[in-house]
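Q: Protein chains in written order, with our numbering: chain F, 7 to 322; chain A, 56 to 354.
Check each hint, because a few of them may be wrong.
Unchecked claim - Counterexamples of contact, computed for chain F against chain A with all Cβ distances above 10 angstroms:
#, residue
1, L46
2, N90
3, R96
4, K227
5, E288
Stated by the list, open to error - Label-pair ranges, simulated between beta-carbon atoms:
#, chain 1, residue 1, chain 2, residue 2, range
6, F, D322, A, N196, 30 to 38 angstroms
7, F, K80, A, W341, 28 to 36 angstroms
8, F, K80, A, K240, 24 to 32 angstroms
9, A, T61, F, T97, 54 to 62 angstroms
10, F, A86, A, N196, 35 to 43 angstroms
Claimed, not checked - Which residues of chain F face chain A? A few of them, derived with a C-beta cut under 7 angstroms, are:
#, residue
11, K52
12, Y313
13, S314
14, G315
15, Y318
Rather than coming from a laboratory, the hints here were simulated on the basis of the structure.
Glycine is no exception: its CB is placed at the ideal position from the N, C-alpha and C atoms.
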Amino acid sequence: MPTTAPAFADATASDGALRRFLHGLPGVDTVGLEARAASLGTRSVKTTSKAFAIDLAISMIDLTTLEGADTPGKVRALCAKGANPDPTDRTTPRVAAICVYPDMAQTAKEALAGTGIKVASVATAFPAGRAALPVKLADVRDAVEAGADEIDMVIDRGAFLSGHYLKVYEEIVAVKAECGDKARLKVIFETGELSTYDNIRRASWLGMLAGADFIKTSTGKVGVNATPPNTLLMLEAVRDFKAQTGIQIGVKPAGGIRTTKDAIKFLVLVNETVGEDWLTNEWFRFGASSLLNDLLMQRQKLSTGRYSGPDYVTVD
Amino acid sequence: MSDRLTVLKTYKLYVGGKFPRSESGRVYEVTDSKDKWLANAPLSSRKDARDAVVAARKAFGAWSGATAYNRGQVLYRVAEMLEGRKSQFVHEVTHAEGLSKSKAADVVEAAIDRWVWYAGWTDKIAQIVGGANPVAGPFFNLSTPEPTGVVTVVAPQESSFLGLVSVIAPVIATGNTAVVIASEKSPLPALSLGEVLATSDLPGGVVNILTGRTREIAVPLASHQDVNAIDLTGADADLARDLEIAAADNLKRVLRPQPVDGTAADWSADPGTHRLTAFLEMKTVWHPTGTLGASGSAY
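Just need the whole structure built from these sequences, with the hints factored in.
A: Next comes the structure, spelled out in structure tokens:
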């Protein structure tokens, strides 16, 4: 287990030790967490601060298309949009990454050549994660070979919920090894399926111990996706992890973030919880597709003074 | 005299089928024709206007896609609801316009009749303004009217109910959705109309009613890129000029009722169809007909 932070080497020595460690984490104060997330959501961010927040949020987007109906043409169109989100205003920043299925990674890689935008690929039998480990690893290898700079893996929620923490841990470690130094690894917990905040805290620590570069809330394929409370909880986890190990881990809320107002709320959470170190697309991302259009419309409103409409941004 | 405390009504906006307060939390005092306090009405901000446009845009697909016959039925249903709440409107119009009870009753009845009249037009207007065009070539050439989209309506300032109905009904009869800025001085009949619309079969968002300072709400709506047309009926000459300039930015369709010399319009007169046709776009299709090739094939 080479990737575990030395401070926690004992915790991952056996299934029992890992279970004791995860269940030894302090319980989450549900009411306090939700109240804190709600109160941070009431901040008023206006004028120049808003303009800064909008540009920052655009630069943090993993522009995503994960549909069965994805075609190379659609992926190329999305890449063009990511590179030049608002053709009427060239000062608009580029997005951080384009997130696609592994078979589209090569198309995206070619379309993004020279833009500096990363290719993120979901892998490990996304979104359910119900496949044997060798299949998952082959999925990851495929994506990395196709040129993916970032791999978004899903954990085995079935194993996690039935208490086989070491199995989940070893899977993440194996995927991390497969990524090598070619790709950063984002670990998706699917918080909507973990039921409790305690489980989200445990999953966060499990992912970080196993060597995740990013921890990500959800796939966007279930009812409950990223919410301010569960993202706040994960931000607290990466803050505590850094305090104890010195290792910085990124956070990516994904799914359900559709408006500029929502995005700014998340940025406030980041700033107030982990601080400015995370306020860059190196350490914080939004997994989103429709969010970009709303950010662009708000950006147009700020620069022209008149409200924009959906006719002035692309459909996808 | 009973010692009962009367229950005062909180007038609220009508946006997206719901009754929100103004996002700004502001209200203003509405008085009757003799400056006696009647109620507090929401003082809408430009953000309320923005929300109303979002609601109207959302409602546009289904409302414009409904059959003309269905739209007519829904509008007729609104007239039925109006009839049931006639006494409330008579009361409000009496206070708002300083009319006698019987005069106000006449106005309200005329407004209900006006609504029914427009309800009847929904499935007939296409036959009046559309049709087959004679062209010099082997084509069927057909024109059909289609709704313009989201229409901002600056309702008349003086005629708080008959005038209001006369500007809203033609806009939605043809399949547009409307963001209505009610009379600044007498907004209460408009807010009550919102309650009637909510209890008819009209889908939420088809009509959105805002109250407040006309200029404050109208200016952002005139420059709003997602509004397709604006009706300047209730704007004075200064405001109308500013709105027309702002509306030019995205080539909005503008209805500037004539004359503009400030004489009050006679809302009891026969309205004609010009308000129906003001917010329609003509779609014309060419379809080949007759012999097309040497083989003699024909459609």
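Q: A separate judgement is required for each hint: does it hold in the structure or not?
A: Now the hints, each set against the structure:
Every Cβ of chain A is farther than 10 angstroms from the Cβ of L46(F); the closest lies at roughly 21 angstroms, confirming the non-interface assignment. The non-interface label for N90(F) is consistent with chain A: the shortest C-beta to C-beta separation is roughly 20 angstroms, beyond 10 angstroms. Distance to chain A confirms R96(F) as a non-interface residue, since its nearest Cβ pair spans about 19 angstroms, more than 10 angstroms. At the 10 angstroms boundary, the C-beta of K227(F) stays outside the reach of chain A, the nearest C-beta of that chain being 24 angstroms off.
Remark: the non-interface label on E288(F) is consistent with the geometry, its nearest Cβ contact in chain A lying 34 angstroms away (cut-off 10 angstroms). At about 35 angstroms, the CB distance of D322(F) to N196(A) agrees with the hint of 30 to 38 angstroms. Restraint check, K80(F) to W341(A): a C-beta distance of roughly 32 angstroms satisfies the suggested window 28 to 36 angstroms. Taken as a hint, the range 24 to 32 angstroms is violated for the pair K80(F) and K240(A), whose Cβ atoms sit roughly 53 angstroms apart.
A beta carbon spacing of about 58 angstroms between T61(A) and T97(F) agrees with the range 54 to 62 angstroms that was offered as a hint. A C-beta distance of roughly 39 angstroms is found between A86(F) and N196(A), which places it inside the suggested range of 35 to 43 angstroms. Hint on K52(F) is violated. Least Cβ distance to chain A is approximately 12 angstroms, over the 7 angstroms limit. Among the interface hints, the one on Y313(F) holds; its C-beta lies about 4 angstroms from the nearest C-beta in chain A, closer than the 7 angstroms criterion.
Annotation: interface hint on S314(F) holds; nearest CB of chain A at approximately 5 angstroms, less than 7 angstroms. Checking G315(F) against chain A: minimum C-beta separation of about 3 angstroms stays under 7 angstroms; hint holds. Interface restraint check for Y318(F): the shortest CB-CB distance to chain A comes to about 6 angstroms, inside 7 angstroms, so the restraint holds.
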